[in-house]
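Peer 1: Sequence:
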Amino acid sequence: QAVDETPQAPLNPKEALTLEEILSAYTTGGAYANHLDKVCGTLSPGKYADFIVLDQDITKLPPNQIGQTKVLETYLEGKRVFPLDSK
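Residues in the sequence shown are numbered from 1 upward in steps of one, following full-length UniProt numbering.
Treat each hint with caution, since some may be false.
As the list claims (entries may be wrong) - Only pairs whose alpha carbons sit at most 30 Å apart, straight line, appear in this in silico DSS-like list of lysine-lysine:
(1) Lys-60 with Lys-79
(2) Lys-60 with Lys-70
(3) Lys-70 with Lys-47
(4) Lys-47 with Lys-14
(5) Lys-79 with Lys-38
Unchecked claim - Computed Cβ-Cβ distance ranges for the label pairs, DEER-style:
(6) Lys-14 with Phe-82: 18 to 24 Å
(7) His-35 with Lys-79: 32 to 38 Å
(8) Lys-14 with Glu-73: 34 to 40 Å
No lab work stands behind these hints, which were simulated from the structure alone. In this text, a Cβ means the ideal position worked out from N, Cα and C, and glycines have one as well.
Build out the structure end to end from the sequences listed, making use of the hints.
Peer 2: In structure tokens form, the structure reads like this:
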């Protein structure tokens, strides 16, 4: 369903994913699928520090409100790339 729609029951509830499973698929799962799990996918010593800072804790929101979350900052290899420093 679209993020702005009223929550509905999943089409097949037995196959619905939790938010934690979805986040894992996008992070550790994506790194593993691309054979990059030794360098990214988790915030661990020796790995790239690629992550975002959000304006709210998406684990505390109803699913239909997660899409309203804003990205405040983006870091690639530990360096802030968004928003760009004005210096």
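Peer 1: Could you run down the list of hints and mark each one as holding or not?
Peer 2: Do the hints match the structure? See the list:
{"no.": "1", "hint": "Lys-60 with Lys-79", "result": "holds (27 Å)"}
{"no.": "2", "hint": "Lys-60 with Lys-70", "result": "holds (15 Å)"}
{"no.": "3", "hint": "Lys-70 with Lys-47", "result": "holds (25 Å)"}
{"no.": "4", "hint": "Lys-47 with Lys-14", "result": "violated (35 Å)"}
{"no.": "5", "hint": "Lys-79 with Lys-38", "result": "holds (19 Å)"}
{"no.": "6", "hint": "Lys-14 with Phe-82: 18 to 24 Å", "result": "violated (38 Å)"}
{"no.": "7", "hint": "His-35 with Lys-79: 32 to 38 Å", "result": "violated (24 Å)"}
{"no.": "8", "hint": "Lys-14 with Glu-73: 34 to 40 Å", "result": "holds (38 Å)"}
In summary, the numbered hints that this structure violates are 4, 6, 7.
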